[in-house]
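K.L.:
The chain contents come next:
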Amino acid sequence: MSMSNSEKVKKFLINNTVPILFVVLLFFAIPLSGFSPEYLANEMITRLGRNSFLVLALLIPVMAGMGMNFGIVLGAMAGEIGLIFITDWGVVGINGVFLAMIISTPIAIILGFVAGLILNAAKGREMVTGFMLGFFMNGVYQLFVLYGMGNIIPINNPKILLPRGYGIRNAIDLVNIRQAFDSFIKLKIGDISIPVFSFIIIAILCIFIVWFRKTKLGQDMRAVGQDNDIAAASGIAVKRTRILSIVISTVLACYGQIIFLQNIGTMNTYNSHEQVGTFAVAAILIGGASVAKANISNVFIGVVLFHMTFIVSPRAGKELVGQAQIGEHFRVFVSYAVIAISLALYAWRRQAAKNREIKAVLDEQNEAIENRGGSQ
Amino acid sequence: MKNSIIESIEKIGWPRIIIGLFLASMFVIAPFVGVSVGTSISDVLVRFTFNGVLVLSLLPMVKSGCGLNFGLQLGIISGLLGAVTSIEIGITGFLGFLIAIGVSIPFAILFGIIYGLLLNRVKGDEMVVATYVGFSVVSFMNMMWLLLPYKSPDMIWGYGGTGLRTTISVEKYWFHVLNDFLSFEIGGVYVPTGGFLFFALMCLIVWIFFKSKTGTAMTATGSNPVYASSSGVNVNKMRLVSVIISSIIAAIGILVYEQGFGFIQLYMAPLYMAFPAIAALLLGGASVGKATIANVIIGTFLFQGILTMTPSVINNIIKSDMSETIRIIVSNGMIVYALTRRKKARG
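Read top to bottom, the protein sequences are chains A and B. Count along the first sequence from 1, add 33, and you get the number used in this note's numbering. Count along the second sequence from 1, add 18, and you get the number used in this note's numbering.
You may find that some hints are simply not true.
[Said to hold, decoys possible] As a list, the in silico SDA-like pairs of lysine to any residue whose alpha-carbon atoms are at most 20 Å apart: (1) A/Lys351 with B/Leu164; (2) B/Lys169 with A/Gly355; (3) A/Lys392 with B/Asn254; (4) B/Lys141 with A/Ala377; (5) A/Lys351 with B/Leu165; (6) A/Lys43 with A/Lys219; (7) A/Lys351 with B/Met162; (8) A/Lys219 with A/Asn75; (9) B/Lys141 with A/Leu378; (10) A/Lys392 with B/Ser248; (11) B/Lys141 with A/Ser323; (12) A/Lys326 with B/Gly142; (13) B/Lys141 with A/Tyr180; (14) A/Lys192 with A/Tyr180; (15) A/Lys351 with B/Leu166; (16) A/Lys156 with B/Ser305; (17) A/Lys392 with B/Gly142; (18) A/Lys387 with B/Ser247; (19) B/Lys141 with A/Gln384; (20) A/Lys392 with B/Ser249; (21) B/Lys169 with A/Val354; (22) A/Lys387 with B/Gly142.
These are computed hints drawn from the structure, not numbers from a lab. Computed from a prediction, not measured in an experiment: that's the story for all the values here.
Could you build the full structure based on these sequences and the hints that come with them?
P.N.:
Written as structure tokens, this is what we have:
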């Protein structure tokens with residue numbers, strides 16, 4: 034089927050409305066903010082290294098037709114538990130980061146499995162359930178970390194324990210592993226420093242995802258994502274496949290959070306994971322993904338556009354209305370609004386398609402009835 | 019015999035039984051750890067009157083099949099606009115409170131129409147869309163609270179600052195106008211009669227509405243949209259009306275909350291306000307597709323009971339404040355549980 038050029042352009046514009054809007058927004062906001070190109074480039078590279086892994090964790094559940102996995106918050110919590118242990122034991126540097134990953138992997142697998150079971154029970158409303166599950170598990174995490182650690186689970190480092198003897202402090206200084214990944218292989222071009230090792234890890238994950246799509250499991254997931262019934266009829270264990278997609282996503286999110294926090298260097302024990310889901314989902318949607326379709330390029334375009342908006346909007350807000358606070362509020366608004374609009378547009382299109390389908394079936398029936406009436 | 023016990027437990031619902039027993043045990047333990055039962059009961063009653071109307075506001079949307087109103091913040095924002103406008107006008111007492119309600123209703127209708135039209139286009143995905151619509155509106159209003167031209171010195175930042183404060187006291191205006199009406203004390207228990215009367219009035223209005231022709235049509239829409247549509251009910255219109263009514267009641271609900279609590283909370287405060295209200299309704303035995311006024315009353319009582327009793331009792335037992343953690347687990351766990359229930363009630 035060949036398309037004329039104007040049709041192609043139109044289709045491109047419709048499919049990429051959100052990223053284009055952000056490019057336009059940034060086109061005005063960047064000059065307003067007055068940041069230097071070097072500063073912006075530096076920030077962008079840091080943030081790509083810091084956030085891409087977490088956002089990539091969203092891709093696999095989308096393949097399996099489960100939408101945006103707001104439940105990656107669970108993986109983030111698992112990663113933080115690993116970081117608490119290695120800080121307690123005083124493991125330093127890149128070994129510490131890897132050890133944290135090893136410790137938190139089984140936790141992430143269990144959490145992902147539980148989440149998968151719950152999301153299977155809540156079929157059809159996975160996203161809101163995953164979202165609420167994040168809130169619920171936050172309570173369980175608090176119970177575990179604030180009341181269990183130092184009490185039932187041995188923690189000895191007084192620097193991370195609350196003065197009362199149990200429970201972890203609000204903020205943990207990750208000085209032992211600060212930027213252990215980022216500075217493992219250093220590269221500096223001009224004033225711009227590049228966290229080469231973090232990018233290598235991200236590249237490996239991308240290759241993994243590309244390879245994974247072609248495996249039997251990956252194919253099964255895509256089939257499940259297309260249509261549950263057809264997938265089941267062709268002998269795919271639908272429930273198991275869905276659970277596996279969430280387990281993989283949770284484990285990846287766990288590594289993603291560890292990479293994120295080694296870059297930041299401090300961990301807010303009870304808040305660092307809270308917004309992980311929202312920010313990652315906002316980023317991938319800004320990158321042009323939808324609930325049913327997301328690929329690797331959406332991740333990187335999204336991280337760049339989303340974080341550029343994040344960096345420039347307070348300054349732009351200050352220049353525009355004299356209050357930096359407006360810009361701060363604006364960027365929060367943008368991340369929520371973009372999710373709301375993308376989810377609504379997707380649901381809207383789907384409903385419209387469904388209505389058309391129903392109408393087509395009805396028309397056909399009517400026609401058949403009329404024809405029969407004519408022949409008699 | 020065994021079956022009938024299991025049956026009745028299933029009927030009441032496990033969460034309600036567990037939470038009910040937990041709450042009862044709290045009241046039993048309370049006197050032994052030095053917590054006054056009288057004060058506790060007063061607190062539960064007072065908090066019941068703060069929150070009841072907000073929980074009630076969820077009812078119309080559940081009945082019309084729009085699901086749990088995760089976008090409750092839209093109604094709340096309308097209420098907040100009414101509250102700050104009433105204070106700007108500066109009339110105190112019950113009249114000031116009525117003005118706040120009067121101002122908030124047109125906003126609630128306007129927001130309700132837009133929100134309802136949107137929800138009609140995203141059937142099946144209402145809840146997740148509503149969650150983020152609610153968040154967007156709250157964060158959008160963050161900018162508005164800074165920019166709107168309110169001038170009352172009781173509300174704006176001091177020292178020549180611009181914009182509204184994060185918390186605004188209603189002490190000088192309509193603090194406890196409902197709760198203190200005909201209130202009395204009996205055996206150390208303070209009873210906020212006015213609050214209860216107002217809540218009862220709101221329940222009555224909602225109850226009468228659902229007995230009316232429109233109300234019946236709305237219930238039919240929720241329980242079987244295809245059937246309702248074939249018997250001549252305009253499904254989309256019914257859903258829209260339910261969203262508007264929900265928003266209006268939510269606007270009134272937040273005003274009732276503020277007159278009791280004593281403060282108007284702006285900016286990020288309303289962000290998560292939908293969740294406790296939803297949890298309360300579910301705790302009362304409602305599901306995603308079915309709810310009654312009894313669910314509202316029982317749920318608000320149980321939920322507020324837990325919120326009141328756990329801090330005081332648990333703190334006295336283990337000497338540390340676990341109430342926040344328990345609240346998070348109970349309320350969000352309740353919502354997750356409800357979302358995983360299949361829709362058995364259909365048809």
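K.L.:
Would you mind marking each hint as holding or not holding in the structure?
P.N.:
These are the hints, each one checked on the structure:
1. Straight-line distance between C-alpha atoms of A/Lys351 and B/Leu164 comes to about 13 Å, which keeps the hinted pair within the 20 Å bound.
2. With a C-alpha separation of about 19 Å, the suggested pairing of B/Lys169 with A/Gly355 holds against the 20 Å cut-off.
3. Straight-line distance between C-alpha atoms of A/Lys392 and B/Asn254 comes to about 17 Å, which keeps the hinted pair within the 20 Å bound.
4. Distance check on the hinted pair: B/Lys141 and A/Ala377 sit about 10 Å apart at the alpha-carbon level, within 20 Å; holds.
5. Of the pairs offered as hints, the one joining A/Lys351 and B/Leu165 holds, with about 13 Å between alpha carbons and a cut-off of 20 Å not exceeded.
6. For the proposed pair A/Lys43 and A/Lys219, the alpha carbon gap of about 44 Å is over 20 Å, so the pair is violated.
7. The suggested pairing of A/Lys351 with B/Met162 holds, with an alpha-carbon distance near 15 Å, which does not exceed 20 Å.
8. Between A/Lys219 and A/Asn75 the CA atoms are separated by roughly 14 Å; this keeps the pair inside 20 Å, and the hint holds.
9. Of the pairs offered as hints, the one joining B/Lys141 and A/Leu378 holds, with about 12 Å between alpha carbons and a cut-off of 20 Å not exceeded.
10. For the hint pairing A/Lys392 with B/Ser248, the CA-to-CA distance comes to about 15 Å; that is within 20 Å, so the pair holds.
11. Of the supplied pair hints, the one linking B/Lys141 and A/Ser323 holds, its CA atoms being roughly 17 Å apart against a limit of 20 Å.
12. Between A/Lys326 and B/Gly142, the direct Cα distance comes to roughly 19 Å. Compliance with the 20 Å bound is thereby established for this hinted pair.
13. For the proposed pair B/Lys141 and A/Tyr180, the alpha carbon gap of about 42 Å is over 20 Å, so the pair is violated.
14. For the given pair, A/Lys192 sits about 17 Å from A/Tyr180 by alpha-carbon distance, which is consistent with the 20 Å threshold.
15. Note on A/Lys351 and B/Leu166: the hinted pairing holds, with a Cα-Cα distance of about 17 Å set against a maximum of 20 Å.
16. As the CA atoms of A/Lys156 and B/Ser305 are separated by approximately 16 Å, the hinted pair is consistent with the 20 Å bound.
17. In summary, the hint linking A/Lys392 to B/Gly142 is supported, as the alpha carbons are separated by about 19 Å, within the 20 Å threshold.
18. With a CA separation close to 17 Å, the supplied pair A/Lys387 and B/Ser247 stays within the 20 Å bound.
19. The suggested pairing of B/Lys141 with A/Gln384 holds, with an alpha-carbon distance near 7 Å, which does not exceed 20 Å.
20. Our distance criterion of 20 Å between C-alpha atoms is met by A/Lys392 and B/Ser249, whose separation comes to about 19 Å.
21. Taken as a hint, the B/Lys169 and A/Val354 pair is honoured in the structure, with Cα atoms around 19 Å apart against an allowance of 20 Å.
22. The hinted pair formed by A/Lys387 and B/Gly142 meets the criterion: a straight-line CA distance of about 12 Å does not exceed 20 Å.
Violated hints, in rising order: 6 and 13; the structure is consistent with all others.
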